[in-house]
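S.K.: Produce the complete structure using the sequences and hints provided.
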Amino acid sequence: MLSLGFHLLTLQGFMVTTDAPQGLAQRDWQSVIRDFEQVLGKNGVVKRREELLVYECDGLTSYRQRPAVVLLPRTTEQVAALVKICDRHQVPFVARGAGTGLSGGALPVEDCVLIVTALMKQILEIDLENQRVVVQPGVINNWVTQAVSGAGFYYAPDPSSQIICSIGGNVAENSGGVHCLKYGVTTNHVLGLKLVLPNGAIVDVGGKVPEMPGYDLTGIFVGSEGTLGIATEITLRILKTPEAIQVLLADFTSVEAAGQAVSDIIGAGIIPGGMEMMDNFSINAVEDVVATNCYPRDAAAILLIEIDGLEAEVAANSAKVEAICRQNGARSLTTATDPQERLTLWKGRKAAFAAMGKISPDYYVQDGVIPRTKLQDVLREIEVLSQKHGYKVANVFHAGDGNLHPLILYNNSIPGQLEEVEALGGDILKLCVAVGGSISGEHGIGADKRCYMPEMFSDTDLETMQWIRQVFNPKGLANPGKIFPTPRTCGEAARVTGGNSFPEVERF
1263 MLSLGFHLLT LQGFMVTTDA PQGLAQRDWQ SVIRDFEQVL GKNGVVKRRE
1313 ELLVYECDGL TSYRQRPAVV LLPRTTEQVA ALVKICDRHQ VPFVARGAGT
1363 GLSGGALPVE DCVLIVTALM KQILEIDLEN QRVVVQPGVI NNWVTQAVSG
1413 AGFYYAPDPS SQIICSIGGN VAENSGGVHC LKYGVTTNHV LGLKLVLPNG
1463 AIVDVGGKVP EMPGYDLTGI FVGSEGTLGI ATEITLRILK TPEAIQVLLA
1513 DFTSVEAAGQ AVSDIIGAGI IPGGMEMMDN FSINAVEDVV ATNCYPRDAA
1563 AILLIEIDGL EAEVAANSAK VEAICRQNGA RSLTTATDPQ ERLTLWKGRK
1613 AAFAAMGKIS PDYYVQDGVI PRTKLQDVLR EIEVLSQKHG YKVANVFHAG
1663 DGNLHPLILY NNSIPGQLEE VEALGGDILK LCVAVGGSIS GEHGIGADKR
1713 CYMPEMFSDT DLETMQWIRQ VFNPKGLANP GKIFPTPRTC GEAARVTGGN
1763 SFPEVERF
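Heads up: take any position in the sequence shown, counting from 1, add 1262, and you land on the numbering used here.
It is worth saying that the hints were derived from the structure and are not from the lab.
For each residue, glycine too, the CB sits at the ideal point set by N, CA and C.
Any given hint could turn out to be false.
[Stated by the list, open to error] Quick list of simulated restraints, FRET-style, between CB atoms:
no. : residue 1 : residue 2 : range
1   : Tyr1477   : Asp1639   : 36 to 42 Å
2   : His1351   : Asn1673   : 38 to 44 Å
3   : Gly1446   : Asn1673   : 34 to 40 Å
4   : Ser1411   : Leu1315   : 50 to 56 Å
5   : Ala1578   : Leu1724   : 44 to 50 Å
6   : Thr1726   : Ser1411   : 38 to 44 Å
7   : Asp1721   : Asp1478   : 22 to 28 Å
8   : Val1695   : Glu1299   : 46 to 52 Å
9   : Leu1724   : Ser1594   : 44 to 50 Å
10  : Lys1309   : Glu1681   : 31 to 37 Å
11  : Ile1533   : Ala1616   : 26 to 32 Å
12  : Ile1482   : Ser1411   : 30 to 36 Å
[To be verified] Derived pair list, reagent style DSSO-like, types lysine-lysine, alpha-carbon separation capped at 30 Å:
no. : residue 1 : residue 2
13  : Lys1444   : Lys1470
14  : Lys1346   : Lys1309
15  : Lys1692   : Lys1650
16  : Lys1609   : Lys1636
17  : Lys1737   : Lys1654
18  : Lys1654   : Lys1609
19  : Lys1609   : Lys1444
20  : Lys1636   : Lys1650
21  : Lys1582   : Lys1620
22  : Lys1309   : Lys1502
23  : Lys1309   : Lys1737
24  : Lys1304   : Lys1346
25  : Lys1636   : Lys1654
26  : Lys1444   : Lys1582
27  : Lys1346   : Lys1737
28  : Lys1692   : Lys1620
29  : Lys1620   : Lys1609
M.R.: Written out as structure tokens, the structure is:
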């Protein structure tokens, strides 16, 4: 095992140009595949054209590129051996978990190898006394809570896709979820990582205690979207299950009133475990599909507010939250403390993205962040943009921390519509930045939003980020073409991958 410092390059006199791997014109794929099969056996290497179709995209299905080969390792040592082969043959590689990402972070690039960690699904260690678990990257998010819930613990980050998304992907994208308002996103729950660097070296960063001396290399890696290497073991922090939990559902006759209630709750010093908002469009979509019979179809907006903690604390804060909601015009309040009843109230919100398939052939989701105080103004402006571009927008979002998820509904089979909704999505992201927000809260940048990075960061900022990437990934082989903008226009950049040539990917 080598220390990470041994592998770092000096930044003095370093010029950042492109993250594209060089010399990718021709290679002897038969020789490369034989090397891969020596590590994994023939069953661990997917190379038939029809089988590769499964891996053409992640959750952002509008952009597709078939990889040259897919690899299915089971251990850290196998991942390291595969990456060394890629390094030796100058083959770009993209790491992929469950493929649920929504920004094209796991989108293959032309002539690349896809390293899929789905078979690395062991929970390696459970240490309840020290409140931590060690898992492989293919472990499903919800499995962690299931493994420790019987002992009174849980894993806090809970993306809506938590029953299918994997921890490795959560680490790559720094995923959040309903509980990120109070408990933070993935980076707040990762103590340490075992990494395979782009040259095949195995290193450990962080550890099994919350605070480690030296540079926060764990923090640098979480959210780096596979551009700095591949996490093969992840040490997670687990939390004690709260003594009491209560979920409140409040419905309002205007989005503005619901937004003001959000601001007032936080302003009162109450930090809910989760606080979510859905507009009327989303409410009716989920009721059509999930039929919770809890969401009033005529409400302009609903708030789902989860209060947790000690019983006395929950009782006191719930009373305050109810009073604030009524002061802001809430028509009715529904509360639930029983676990099954709480799940029923949350069921529609968790199914909101999937429910859009009931009312539209396709949807394009964005992931902007805004200050809570700007919520009403931004939602009003999103409606203006919706009418201007001529596409309906359903709003579902983490109201407490201002993480918006506008879902733009369209039909991808109609030529030109994808480009138009991309433009609408771009305008929404620019709006978020203009009011002091961000272009991503939890979905990452990937291939989809890289062209909007200059809206947030100066050239110097972006160059500094590239320095870090080049230190870990000097040959540009690890997930090339992601995160950072290219010289092309936004419309083009979102539809291409790769290095200097930026080949077009297939459009559906």
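S.K.: Could you tell me which of the numbered hints above are not met by this structure, giving the numbers in increasing order?
M.R.: Going through the list in order, the structure violates hints 4, 17, 21, 22 and respects the others.
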